[in-house]
Amino acid sequence: MGWKIDRSNNQFRLFRLHVAADMIKKAKILPQSCMDVIKSDPALITVKPEPVVYRCHKCRYVPHKIRRILASASNLLPHNTKQKSLWVDGKWLSRDQGTPALCSQTYFVEPLAWMSSVPHSLQGKLHCPKCQNKLGSFSWIMGCQCPCGSKISPAFYLVPSKVEWSNMVQNVQDATASLLGTKQRNQLTLHTLGSAAELRQSPQRCRAILV
Numbered sequence: 001m002g003w004k005i006d007r008s009n010n011q012f013r014l015f016r017l018h019v020a021a022d023m024i025k026k027a028k029i030l031p032q033s034c035m036d037v038i039k040s041d042p043a044l045i046t047v048k049p050e051p052v053v054y055r056c057h058k059c060r061y062v063p064h065k066i067r068r069i070l071a072s073a074s075n076l077l078p079h080n081t082k083q084k085s086l087w088v089d090g091k092w093l094s095r096d097q098g099t100p101a102l103c104s105q106t107y108f109v110e111p112l113a114w115m116s117s118v119p120h121s122l123q124g125k126l127h128c129p130k131c132q133n134k135l136g137s138f139s140w141i142m143g144c145q146c147p148c149g150s151k152i153s154p155a156f157y158l159v160p161s162k163v164e165w166s167n168m169v170q171n172v173q174d175a176t177a178s179l180l181g182t183k184q185r186n187q188l189t190l191h192t193l194g195s196a197a198e199l200r201q202s203p204q205r206c207r208a209i210l211v
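Under UniProt numbering, think of the first position of the sequence shown as 1, with each following residue one higher.
Treat the hints as calculated values from the structure; they're not laboratory data. Values in this document were obtained by computation on a predicted structure and should not be read as measured data. Be careful, since some hints might not be right.
[As the list claims (entries may be wrong)] Computed beta-carbon distance windows for the label pairs: (1) Gly149 to Ser8: 21 to 29 Å; (2) Ala73 to Arg16: 13 to 21 Å; (3) Ala27 to Ala73: 25 to 33 Å; (4) Arg16 to Leu44: 28 to 36 Å; (5) Ile29 to Asn167: 31 to 39 Å; (6) Pro49 to Val159: 32 to 40 Å; (7) Ser161 to Gln32: 32 to 40 Å; (8) Phe12 to Ser104: 32 to 40 Å; (9) Val52 to Cys148: 15 to 23 Å; (10) Gln132 to Ile45: 20 to 28 Å; (11) Arg60 to Ala27: 38 to 46 Å; (12) Pro49 to Met142: 17 to 25 Å.
Every residue, glycine too, gets a C-beta built ideally from N, C-alpha and C.
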């Protein structure tokens with residue numbers, strides 16, 4: 001018939017998560033047949049990266065101040081205020097519903113590769129893989145309650161105050177800062193190694209420095 005499955009479709013994504021939740025409830029571990037629900041780590045995507053991403057807020061205060069990318073805009077799973085998100089609901093047929101009632105009080109996302117405990121735990125906390133700051137939680141079975149009143153199950157969510165929205169310009173700035181930081185660290189290493197070599201070749205200079 002020539003029909004193809006649109007794996008980016010919201011309804012299909014919710015359906016696959018529902019199937020995976022049923023499987024992990026029985027087996028207590030995510031089976032290989034459902035591993036497709038765990039999406040690639042957006043921080044490692046170098047070919048056609050998405051322009052809009054969500055980064056860890058606390059990472060700006062750790063060395064080199066490069067905020068860790070946690071999710072892309074396409075990883076978000078939308079939900080309506082005070083409504084349960086069901087895959088059988090036809091309103092999720094489109095990826096861009098344009099519905100004004102979409103809630104943004106909690107960022108519900110697809111399970112991602114950096115969420116190391118997701119494949120073998122029914123529930124748990126989500127921490128930044130770079131700075132280990134707590135970002136949110138997940139639950140395959142019980143789900144999570146959004147402040148808007150909507151119950152999402154299964155649920156993998158990030159607390160908005162823990163993350164920052166970042167556009168393409170900011171992404172380029174962070175990437176540039178990362179490259180400059182690497183270059184400066186390399187220069188410092190070479191300078192340190194050069195100084196050590198000079199001291200080994202000149203014992204008198206070494207004694208003078210120690211004195």
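Now the hints, each set against the structure:
{"no.": "1", "hint": "Gly149 to Ser8: 21 to 29 Å", "verdict": "holds (28 Å)"}
{"no.": "2", "hint": "Ala73 to Arg16: 13 to 21 Å", "verdict": "holds (19 Å)"}
{"no.": "3", "hint": "Ala27 to Ala73: 25 to 33 Å", "verdict": "holds (32 Å)"}
{"no.": "4", "hint": "Arg16 to Leu44: 28 to 36 Å", "verdict": "violated (22 Å)"}
{"no.": "5", "hint": "Ile29 to Asn167: 31 to 39 Å", "verdict": "holds (38 Å)"}
{"no.": "6", "hint": "Pro49 to Val159: 32 to 40 Å", "verdict": "violated (24 Å)"}
{"no.": "7", "hint": "Ser161 to Gln32: 32 to 40 Å", "verdict": "holds (36 Å)"}
{"no.": "8", "hint": "Phe12 to Ser104: 32 to 40 Å", "verdict": "violated (23 Å)"}
{"no.": "9", "hint": "Val52 to Cys148: 15 to 23 Å", "verdict": "holds (22 Å)"}
{"no.": "10", "hint": "Gln132 to Ile45: 20 to 28 Å", "verdict": "holds (22 Å)"}
{"no.": "11", "hint": "Arg60 to Ala27: 38 to 46 Å", "verdict": "holds (40 Å)"}
{"no.": "12", "hint": "Pro49 to Met142: 17 to 25 Å", "verdict": "violated (33 Å)"}
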